[in-house]
Amino acid sequence: MKKNNYAFFRNHECEFFPCHKVANDEEFNCLFCYCPLYALGDKCGGNFKYIEGICKDCSDCLIPHSKNGYEYITGKYPEIMDLAMKNQGEKKE
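Counting in this note's numbering, the sequence shown runs from 1 upward without gaps.
Keep in mind the hints are simulated off the structure, nothing from the lab. From the three backbone atoms N, C-alpha and C, an ideal C-beta is built for every residue, glycine too. Be aware that a few hints might be false.
[Unchecked claim] Keeping only pairs whose Cα atoms sit at most 30 angstroms apart, straight-line, the calculated DSS-like set for lysine-lysine is:
1. 67 to 49
2. 86 to 56
3. 21 to 49
4. 3 to 21
5. 43 to 56
[Unchecked claim] Here are the computed distance ranges between Cβ atoms for each label pair:
6. 4 to 89: 29 to 39 angstroms
7. 23 to 86: 30 to 40 angstroms
8. 67 to 14: 13 to 23 angstroms
9. 26 to 83: 26 to 36 angstroms
10. 60 to 36: 14 to 24 angstroms
Required output: the full structure, derived from the provided sequences and hints.
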């Protein structure tokens with residue numbers, strides 16, 4: 001069986017661990033403590049809501065902390081890259 005140790009990290013020493021309510025904190029992945037998909041807004045695919053239409057509340061989302069979170073997030077990197085390229089183009093104009 002192939003191990004992907006780089007895809008999982010748990011920090012029991014963190015004062016916020018676990019930062020979301022979970023059934024089993026042994027499977028809680030801290031690798032993406034701050035989700036890189038936040039910038040994708042409503043296209044992130046997670047369980048979120050907007051507070052007052054301004055701030056994205058991701059407290060009910062466990063994608064970054066789940067067993068397959070690494071694969072899901074890295075699979076979304078092309079969308080993050082597209083957003084970054086778009087933003088870079090807007091700065092040049």
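Against the structure, the hints come out as follows:
1. 67 to 49: Given pair residue 67, residue 49 holds - Cα atoms ~23 angstroms apart, limit 30 angstroms.
2. 86 to 56: Roughly 21 angstroms separates the two Cα atoms, so the pair holds.
3. 21 to 49: 17 angstroms, holds
4. 3 to 21: 26 angstroms, holds
5. 43 to 56: Given pair residue 43, residue 56 holds - Cα atoms ~12 angstroms apart, limit 30 angstroms.
6. 4 to 89: 29 to 39 angstroms: 34 angstroms, holds
7. 23 to 86: 30 to 40 angstroms: For residue 86 against residue 23, whose Cβ atoms are near 38 angstroms apart, the range 30 to 40 angstroms holds.
8. 67 to 14: 13 to 23 angstroms: Holds: the Cβ-Cβ distance is about 19 angstroms, inside 13 to 23 angstroms.
9. 26 to 83: 26 to 36 angstroms: 34 angstroms, holds
10. 60 to 36: 14 to 24 angstroms: 18 angstroms, holds
Taken one by one, the earlier hints all hold for this structure without exception.
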